[in-house]
Each structure stands twice: as structure tokens, then as C-alpha cells.
Amino acid sequence: MKPGKVYPTALRAVEDVFDGAVVMLGGFGGPGLPQSLVKALIEQGARDLTFICNTCFEPKPDEHDVARLVDHGRVRKLITTFIGRPNQEMPALDLWRRGKIEIEMVPQGILAERMRAAATGLGGIFIPNGVGTVFEDGQEKRTFDGQEYILATPLKADFALIGAHQADPLGNLTYRLTQRNYNPTMAAAADVTIAEVRELVETGEIDPERVVTPGIYVDRLVVAERGI
Amino acid sequence: MVKERLGRDIIAMRVAKELPEGAVVNLGIGIPTLVSNFVAEDKTVGYHSESGVLNYGSLAEESERDYDLINAGGQFLQWVPGMAFFGSEEAFAMIRGGHVDVTVLGALQVSERGGLANWMVPQRGVGNIGGAMDLAVGAKRVIIAMEHTDREDRPKLVKECSFPLTGRRCVSLVVTDLAVIEVAPEGLVLKEIAPDWTPEEVQSLTEPKLILAPDLKEVEL
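In order, the protein sequence lines correspond to chains A and B.
Heads up: take any position in the first sequence, counting from 1, add 13, and you land on the working numbering.
Heads up: take any position in the second sequence, counting from 1, add 8, and you land on the working numbering.
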């Protein structure tokens, strides 16, 4: 067991996120989005970051998400599945048109599976999604049992910022309802995983059968700021 | 005189009839979301969402919102008995693994052979793929609920999709504000038609040649 996973502040927990780092950010909309960690990262100042996350909508003053980081000029590349609503203009699109950021669009299931490949030590996986679409361009294709598949390569990160419900000091995590989303996969697909939880409890207080993310995947823990 | 077309609720009502008893169903954003409002009360349908929930219920009133419980469109859901929660990798494994019986999606274009384009308008430069590509390939049956024509009244049922594809040969049925059309091996079969519309009028707003079903009838709700 690694000692001292619990950090006193979100800012301390993200202190070593370096310029140019690849960062996974959990959450599907609000549930599971580690807002204290995003807020701390804005304060910390790292630049040229690549973010792997589900969506990027327009920045909202009361929500600390990837759009705020884009708005602060910290993002060089977004690997995501959804950029705003179809007819919506927003900073990320404007920056993309001016060549200031890159956007890589990935279908949700492929995003999850590419991260899972990294998380589980696989060199690549063959998936049926995207065959006959722009997503097969340049990818290796194979036919198994009469069906075509395209190669998806592992997607890993330097850091994963994830959100969960409860943690114990060993880093075991529980989630509530739809809070889980990409968080357990991201936790296992990054070199350093930083989890933000609502509540830190004593070792033994979490029913071991309720643990979704075992502590082996979690390096740092912070308790969410009040009101976030 | 401009003829009246079916409203969004009527399209949703017609789609609801297609859901078999006991089916696991995934509803996309837009008209598809409305479908659950019109499923007969004596029919049991389990709803699946990419946000990681199975057997969810209605949308939550503002007073009963739980911040951690949303559907894929980000709308808050009610707490109902029988829900199951899982992560995204499992939500998509369920879809890809063929465990979702029906998905209802919106579309920008549907081709004669069942190709679907619904994630990108090329002029915008960046699309929104979300989970549509996974659903198009993985769901056992893909039903499209959409307006028959676009804002400039151009056909959305086309010979070949000019917008980027979501999936090829994946659509089974298209329910529009003018017609119910089946994608059959021989082409698009006009099965039901909106009241007061003639097959010729629907054909004039459809790019591929429609095959008239022998039992062509008015849209049945």
C-alpha cells in the first residue's frame, strides 16, 4: 500500500500536472465530474493540456468543467464525443476554427473501449462501430466471422481526474447512481489518478462488496469543496 | 395551400407502437425522447441510457431532482424501483453486445439502403457523435423518428447520404411527419401515410423511388 493518498487540498493534489500533459476528466454531464479538481487546475496554471472527456459545452459560471479550462486558454487538444449543441456557437469551436485547439471526435463506446484497452494492458481491440464511416479512415481492418471490424488503439493519460461518492484512505471508491460513467475506466488508464469524493470515511466503513474502483487504481484523494 | 403534417408528439406516439412487450429500448435526443410518454400502460419496456442506467423512469420534477441521476441528454430522472447502474464501458458493451432490442434516433438523412447520417452537418466543421454510432451498429433494431424534409423542405430520405455516415445499412423503419417507411431489401416501402396526403405528394418530397405497400393505409396510432 502506498502511504499518504489523502491530500489536504485539491490544489496540492494537482500541483505536478505539467504543461502538455494528457488528462482524462471523468463525468457525464454533472454526475462524476470532479469540479474541485478542475477549479484547482485552473488556479494551478498548467497549459497546452490534452483533455479526454465525454463532452464540452459552453462555459457556465457555476460549473467547473472542461469548457472553463478551454475558456482560460489551457487546452491544446480535446478528445471528446460531443461539442455543444448542433447549432450552438461556443469558445471551443471558435478556437478550433482559428487553429488554436485541436478536436478529435470519438464515438462514446469507442472512447470507453480505447481507455479500457489502456487500463487492461491490451495492445488494441477490433470493434464493429464506425465501419463504413470516416472513423475507419487510416485504420487497420479485419473480418471475423463475416463481419468487418476496425482496430482501436489504447488511449492512456498522464493524469486522470475523477469524481466519486465515498473513499477510504486506501483509495477504495464508491459511486452513486449515474456518477460512475467513465470514472472507473479512467482511474485505471492513467499514470496518476486523482479522485475527488464527497466523503472520506475510515478504512472498514465501506462494505468491500460496494467498492467499484479498488484502491490499486487511485493515487491521490481529495474531499470536494463545499458547495461544489 | 400548405397541408398539415403530423406533430412531434404524433410521430412519437406512432413509434411507441413499434416497441415490443419486454423490450430494452434506448431513446436518442429530440423526438425519440418523447416516445416514452406514449407507451401503453400495460406494456413493460425497460429503458437503457448511455449515462449508465437501466430501467429508468420519467423525468424528475424540479423539487425531486437528484444531482447524480441523469439520462444521456443530461435530464434529471426520477428514482424508480428496478433501476441498475453501471459504467460507460458496460453501457456500450450492452449496446455493442446486442442486448439492446430497439433504439430510436433522430436523423439528418436516411438512405435508400438504410444508411444513417445524424452526427455532423459538414458546414459546422465539427460533429457531435455521442453514442449514436454505437447504437446504430449494436442495437438489434434501429427506428428513426424525424421530419420528412429539412428546414428548406429538401428530402431527408435520400439515395445516398451526403452528410458523414453514422452507420451503413442499419435503419429498419423511418417514422416521419408524413409517413411510415420500412427499409426493405428491395428499397423504401411506403406503409402508412399522413391523413390527406397522397403517395405522389410524399414521393415528391422523397429522393429515392418509394415502393407502395399493397396494404398502404393512413398512419395508425
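Hints are not guaranteed to be accurate.
[What the hints assert, rightly or not] Calculated lysine to aspartate or glutamate pairs in the DMTMM-like style (CA-CA distance at most 20 Å, straight line):
(1) K148/B - E161/A
(2) K148/B - D220/A
(3) K11/B - E120/B
(4) K11/B - E226/B
[To be verified] Stretches of chain A that chain B covers, calculated by requiring three or more beta carbons in the stretch to come under 8 Å of a beta carbon on chain B:
(5) 108-121
(6) 142-154
[Claimed, not checked] Residues from chain B that keep clear of chain A, each with C-beta distances beyond 10 Å, as calculated:
(7) E58
(8) D74
(9) P89
(10) S96
(11) E155
(12) V166
(13) S180
(14) V210
Because the hints were derived from the structure by calculation, they are not lab data.
Positions of the beta carbon are idealized from the N, C-alpha and C atoms, including for glycine.
Hint numbers not upheld by this structure, sorted from lowest to highest: Checked against the structure, the hints that fail are numbers 2, 3, 7, 8, 10, while the rest are satisfied.
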